[in-house]
Amino acid sequence: MKRIGLAAIVAASVLTAPAFAQDVLTIGVRSEAVSMDPHWTQLSADLQVQEHIFEKLVNLDTSSQTEPGLAVSWEAIDDETWEFRLRQGVTWHDGTPFTADDVIYTFDRLRGGISGAPASPAFQLDKGSKTWEMVDDHTLLVRTEGPYPNVPEDLAMLPIMARHAAEGREFSVDFNSGLAAIGTGPFMFEEFSPGNRVSLTANPNWWGGDPGWDRVVFRPVSQDSARLAALLNGDVDIIDYPPTVDLPRIESDANFTLSTTPSDRLIYMMPAYRHVEEFVRDNDGNVMTPNPLRDWRVRKALSLSIDRDAIRDRIMGGAAEPTRNIVPPGFFGHVDALEADAYDPDQARELLELAGYADGFQMTVHGPNDRYINDARILEAIAQMWSRIGIQTEVDTMPRNIFFSDLIRGGADTFPGFDSPKFSMSLTGWGTVAGDATYTVSGVLESYNAATGGGNGNFGRYANPAVDALSIRAKQTIDRDARLALLTEATTIGMDDYAFIPLHFQVNVWAMRSGLEHEARTNERTLAWEITRTDD
Amino acid sequence: MLEFIIRRCLQAVLVLFVMTLLVFFGVNVIGNPVYIFASSECTQACLNAISADLGLDQPIWEQYRRFLVGLVQGDLGRSFTYGIPAMTLIWERFPATLELALAALIIALGVGLPLGVFAGLRPRSLFSKAIMGFSMLSFSVPVFWIGLIMILVFSVNLGWLPAIGRAQPVNLLGLPVTFLTLDGLRHLAMPAFTLSLVMLAIVIRLTRAGMSEVLHADYIKFARANGIRESRVIGVHVMKNIMIPIVTVLGMEFGGVIAFAVVTESIFSWPGVGKMLIDAIAVLDRPLIVAYLVFVVVMFVALNLLVDIVYSLLDPRIRVGGGAR
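One line per chain: the protein sequences are A and B, in this order. If you count by full-length UniProt numbering, then the first sequence holds residues 1 to 536, one letter each, in order. If you count by full-length UniProt numbering, then the second sequence holds residues 1 to 325, one letter each, in order.
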């Protein structure tokens, strides 16, 4: 009935805030949740629903900084031991008290492996070779092999399950039916109808108080324009990822509001550093030795010739924040002194001449066309800008399922267990999940090292011993000030060297009917208790 | 008849085998699903462990052998994405697609037959020309565009119909259906109409063509000369003869509509198998892609069989199976 009431109001095209009290929040999301088992995936679409039901020891605030969750406090009592004090008086949705034993069960379950799960967060436990031990019902010790500072950040990725509810259950199936989907969170599982809706009801006994809504319904609408239409006609109250072309229109409509914040996702162009690069050729079409991308002046010239403001305004509908940093403002390790390069094609041409490429060369750039916001269009714009300074650039975009495989392991000389990237210059992105640059520096600036996990995302195979030394030390420095200094230095060296060419941080945007207020999150999740009514 | 059905089933097994071979090796050429699913922080050791767990570290022939062994036992594997058996997922979503496709079929026949008959009887009238113009448009305008325009008009501007999703299903003989409730019909209207357009156009054109041909046949003239009522001439003698090509084409079309309702389901966020397939392809969920295509092949074979049986009911001169009786 409520929907018909709303529809009637829209029909009269006087869409004002409905007069009746509304205690149901309907959220239109781009990607649908596939499982209610919080150890099954790492996909944002799943996690944002699961986070309503299951909680973690450590929470992340809207800027992805750690804050107390099921643990009220934590500290490193020596270089290799962390003590977590758990919250008292918390109960599971079925009334059973929450204790340290549930945490032990959760960690053991993950360590034991979730068979068939392609993206279980178990690897977060392996980092630093963690072991755990229960001291009493509300105290827990986590030990690491050697000093390891990111224990709290890693635990912020691990949802805690109830031993009595989850033990012996079949993964995914029993969770999707609700049988095992029993958490401690602000909302309780009600119904999971795949592809159609997930509904949750408020948990009256939540330790955090009133979550603000009686009921929350997630509805997946993958088509951007259909999701917007659903918001316009009142089928949903709030949507994530409104289409960027429509942002100015929504902003100017009094019936709707937007909430925005820079995301943790950095979009950048990644050059490859091999001596010979297949997709970099001279003007006659011969491969070049050495590969000109190895010269930092060439990389700087490429960066200076990109008009980042134009990309933000004309392609991204304003929803981009040009940068030369690797983590957004507010994150641990953000370097204030690094500002986005200003557009300067003249200086770019001079640098090319200095490097001995006055006549330019040819290059093919690669990128996905369905992964990042407006990815293919950004790549086309950049190719034009580079062609303008004399580097004849061709664009080759492809679906992400092909792109990422080739990016990581598409090289011709690949043999099992060893990754050889394929592309010479590609558009890609990197998200810094837990608000700390330690893993970003290690992941994208450190040299690739299959054994230590260094350079996990370094598919250009950039290698700089100075950065490596700083990064490895940062990963073992528990003192925050000392670590920040190391990260700042590593980032500055890497970015002054143009290890890669940063473009912008995506800006996360939500659109909602007026009368709602939303605290936008850096990590793209839509959480019901961060949406409040202002019209009653 | 029995012999015919058995032969058909044997053919189906052969088709199925060839198809699995093509699809299985086809989806293995593109990309590596591990890179899509795993977190970017997952190290090489972690990636290798996932590969091994999913059986992707095995040579392709070994993977195919395991797949065939499973297939014979009726197990089509577990979806990488959902972690539950692929066939469970397909059965879970198939009723929504079937409902949508049947609604589209009913619209196509219910609206298309009368319009086609009229256009055939009065080919020169202005209304007939409008009908034919409409059928031409239905063929040529992209479904995607029509869907969006309908959402814009009926949901956003007029506010009559919901733009997305499917209503809460009710249980009918064990099948979750939504067409029994008003809310269900409101959700069903736009996607079903959008999906029906191509079939609708086919029905109109085939009916009209059939009408103009059959109306001049001798047996119709004799029937009229015998003084049989015009409504009976049209309704029984004409219709029965023009239905055969319509059933043939719709039978084939309907399979396609079920199998590839992808676009419509995506636009209207209809929770059916088509949308699931698209999502599965985007993340390279190999078991789900293969299971779905196996399912489609079986469905096409079954539909063709059904069409042949309906033939023999419509025209007793057609005998499927061909054996002497």
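The hints are simulated quantities; they were obtained by calculation from the structure and are not laboratory data. Ideal Cβ positions, reconstructed from N, Cα and C, are used throughout, including at glycine. There's no promise every hint is true.
Simulated DEER-style distance windows between Cβ atoms [unchecked claim]:
1) 25/B with 285/A: 29 to 35 Å
2) 65/B with 136/A: 31 to 37 Å
3) 112/A with 68/B: 49 to 55 Å
4) 286/A with 98/B: 30 to 36 Å
5) 55/B with 451/A: 23 to 29 Å
6) 451/A with 60/B: 24 to 30 Å
7) 169/A with 75/B: 19 to 25 Å
8) 169/A with 182/B: 34 to 40 Å
Range agreement (Cβ of residue 60/B with Cβ of residue 451/A, hint 24 to 30 Å) = Holds - the Cβ-Cβ distance for residue 451/A and residue 60/B, about 28 Å, lies within 24 to 30 Å.
With 31 to 37 Å as the target window, see if residue 65/B and residue 136/A comply at their CB atoms.
-> Distance hint for residue 65/B, residue 136/A is violated at roughly 53 Å.
19 to 25 Å as the expected CB spacing between residue 75/B and residue 169/A, which holds or is violated = Check passed, 21 Å falls within 19 to 25 Å.
Is it true that residue 55/B and residue 451/A lie within 23 to 29 Å of each other by Cβ?
-> Given about 25 Å between the Cβ atoms, the range holds.
Outcome of range test on Cβ distance (residue 25/B, residue 285/A; 29 to 35 Å) | 34 Å, holds
When you take the CB atoms of residue 169/A and residue 182/B, is the distance between them in 34 to 40 Å?
-> The hinted range 34 to 40 Å holds for residue 169/A and residue 182/B, with Cβ atoms some 38 Å apart.
Has the hinted range 30 to 36 Å been met by the Cβ atoms of residue 286/A and residue 98/B?
-> Violated, at about 58 Å.
Residue 68/B and residue 112/A - C-beta distance against the hinted 49 to 55 Å = 31 Å, violated
In the structure shown, a violation is registered for the earlier hints numbered 2, 3 and 4, in ascending order.
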